[in-house]
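S.K.: Construct all of the structure, not just a fragment, from the sequences and the given hints.
From first to last, the protein sequence lines stand for chains A and B.
1 is the number of the first residue of the first sequence in the numbering used here; add one for each residue after it.
1 is the number of the first residue of the second sequence in the numbering used here; add one for each residue after it.
For the record, the hints were derived by calculation from the structure and aren't laboratory data.
Model, not experiment: these values are computed from the prediction.
Errors might be hidden in some of the hints.
[Said to hold, decoys possible] Covered stretches of chain A (chain B as the covering partner; in silico rule of three or more C-beta atoms under 8 Å from a C-beta of chain B): (1) 140 to 151; (2) 162 to 175; (3) 200 to 211; (4) 262 to 276.
Backbone N, C-alpha and C define an ideal beta-carbon position, used for all residues, glycine too.
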Amino acid sequence: MTSDVDATAPKYLRDKYAIIGVGETTYTRGSNLTTRALGTWAVKNAMEDAGIPASEVDGMMSYSNNDSTPSPMIAGDLGIRLNFYMDVYGGGSSSEALIGLAIGAIEAGMCNTVVVFRSMNGYSQVRIGGTGVRAAAPIGGDAVHTAPYGWLSAGQNFSPSFMRHMYDYGTTPEQVAMVKVIHSEHASNNPKAYYKQRLTVDDVLNSRMIVKPLHLLDCCVETDNATAVIVTRAERAYDYRNTPARILAVAGRVCKPRIDMHFQHGPISTVAGYYIKDIIWPNAGVGPEDIDLTGAYDAFTFTTMLQLEDYGFCKKGEGGDYVSSGIMRLGGERPNNTSGGHLCEGYTHGMNMIIENVRQLRGEVDCYCPTDNQGRRQHTYDYSGGACRQVRDANISMNLGWAMPGTGSSMVMRKG
Amino acid sequence: MPQGEYRGMNLSILDIDHENVAYFGYCADHDFRLQKCVDCGLLRYPPGTACPWCQNREFEWTPVEARGTVHSYGEVHQAIQTQFREHAPYMILIVDLDTQKGEPSEHEALRVAGNLVTPDGELAPPELVKQVGIGSRMRMVFADVSEGLALPMWTLDEDAEQPENPWRYPQEYNGV
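M.R.: Right under this line is the structure:
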């Protein structure tokens with residue numbers, strides 16, 4: 001426990017807020033829908049999950065890279081009158097940060113219940129890699145220090161950090177490939193996952209090289225989808241249909257020094273988690289050993305490893321051992337991304353990992369286990385392919401959100 | 001306004017972006033300069049609007065010896081931009097300049113990005129890519145784009161002692 005460490009934020013909000021509803025669209029490539037229609041679909045599903053009427057939702061937030069539809073359009077479609085909304089620019093790491101800001105908005109008395117959503121046609125409209133229309137746009141100012149070197153996409157940008165970790169600590173391609181292997185196992189038990197096939201280390205290492213050290217299968221899938229979560233005060237949270245997930249702490253867009261060019265302030269194989277850990281653990285009042293399951297962002301296999309290491313789930317430099325040891329597997333000590341994550345389920349900038357952890361804490365993930373006559377899953381805890389993915393006794397979860405090596409967010413939740 | 005086409009990209013720097021106009025302007029003269037804080041005397045990269053260590057906004061463009069050691073790299077095998085495809089695999093190098101390395105704190109350095117190129121500025125062929133890794137000694141050359149605009153690039157420093165086996169990613173792909 002590290003709760004005796006001075007926190008940088010007040011602890012009095014610990015456990016005072018909860019996620020009462022989660023929802024998503026299907027994960028597809030080629031949704032044939034607008035981000036407005038996708039967003040409405042996901043928010044509606046989250047409201048049905050909570051059993052909350054439109055009259056009791058009065059706040060809405062979203063984030064995008066100018067590839068979404070603003071909150072007022074979604075709210076209008078669903079007959080929600082807003083007392084507060086905020087649509088911000090951002091990608092990965094925004095999910096946890098916006099949940100923190102939603103708590104702030106409620107705490108300030110601006111509204112009572114906030115939907116946070118992310119809607120994106122990440123495959124059929126705006127692709128993260130900067131291909132298509134974005135690649136043809138003029139390059140000006142600070143981007144002239146990067147783009148003309150053929151240094152554009154997330155994988156290209158992060159590759160020197162990943163490579164240096166291998167140099168500094170002897171991390172091997174085989175170790176890191178295990179992140180994909182394990183997430184593919186989890187996805188094979190997730191009916192929603194875009195890629196459900198179980199893969200091997202050889203599958204990863206034999207897939208084509210994109211940018212060293214990233215093979216194709218070290219990189220996440222790009223999909224079209226929307227995702228939503230509903231945040232309200234803990235004392236209200238029990239008025240709704242499902243067991244709430246209580247929020248112990250959040251950290252939002254914490255940065256390393258000099259993220260204008262991440263490499264100036266080393267060690268470059270250290271990520272923002274190094275700084276986040278000093279906020280999230282004291283504020284949550286728990287430590288790594290208390291966490292039952294993690295949702296470590298997996299835009300790339302390396303991303304998961306670097307974060308778990310810098311948050312203190314293992315010693316610095318031992319991330320390769322951690323991710324290849326079996327700890328992260330279903331049935332292991334601390335499963336990671338039990339939905340299959342961005343590598344296999346779909347790409348939603350971290351939101352699907354929060355949704356998954358909420359369902360895990362409820363004990364109600366949607367796997368292939370049979371349901372009883374009330375529609376409740378009768379979990380078998382058989383983690384072979386096409387079976388169960390519910391974690392036994394899932395009481396405390398952590399999300400580790402990532403924007404880039406230098407910026408990240410986090411949230412710790414407990415079973416309500 | 002410095003602008004020009006480079007490998008199919010339209011590069012353009014606004015006149016009000018004085019720091020970048022000056023930086024790339026010196027590069028166009030094949031004269032590598034960085035901003036030196038008039039107060040604490042530290043150099044900074046990339047160009048910025050204040051000193052990250054003492055917050056002073058005043059600086060002088062100062063000539064810097066453009067040699068250093070590869071700190072890390074990316075090696076792109078599947079290029080996004082069309083005009084890079086015929087040159088894949090190409091390297092993106094992060095080079096620690098000898099100047100100010102380990103200052104003002106142990107893990108800081110002026111880490112200057114650039115592609116691996118031949119001495120005459122062409123993107124490196126595969127047999128050259130294979131020779132370069134973490135620890136390789138580099139010197140800067142420039143890729144001319146237009147009047148007032150050139151890009152820093154890195155080539156192997158022929159005058160320096162090279163490590164016998166610079167560290168490279170352990171798996172080869174298509175022979176590289």
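S.K.: Which hints from the list above does the structure break, by number from lowest to highest?
M.R.: Result: no hint breaks.
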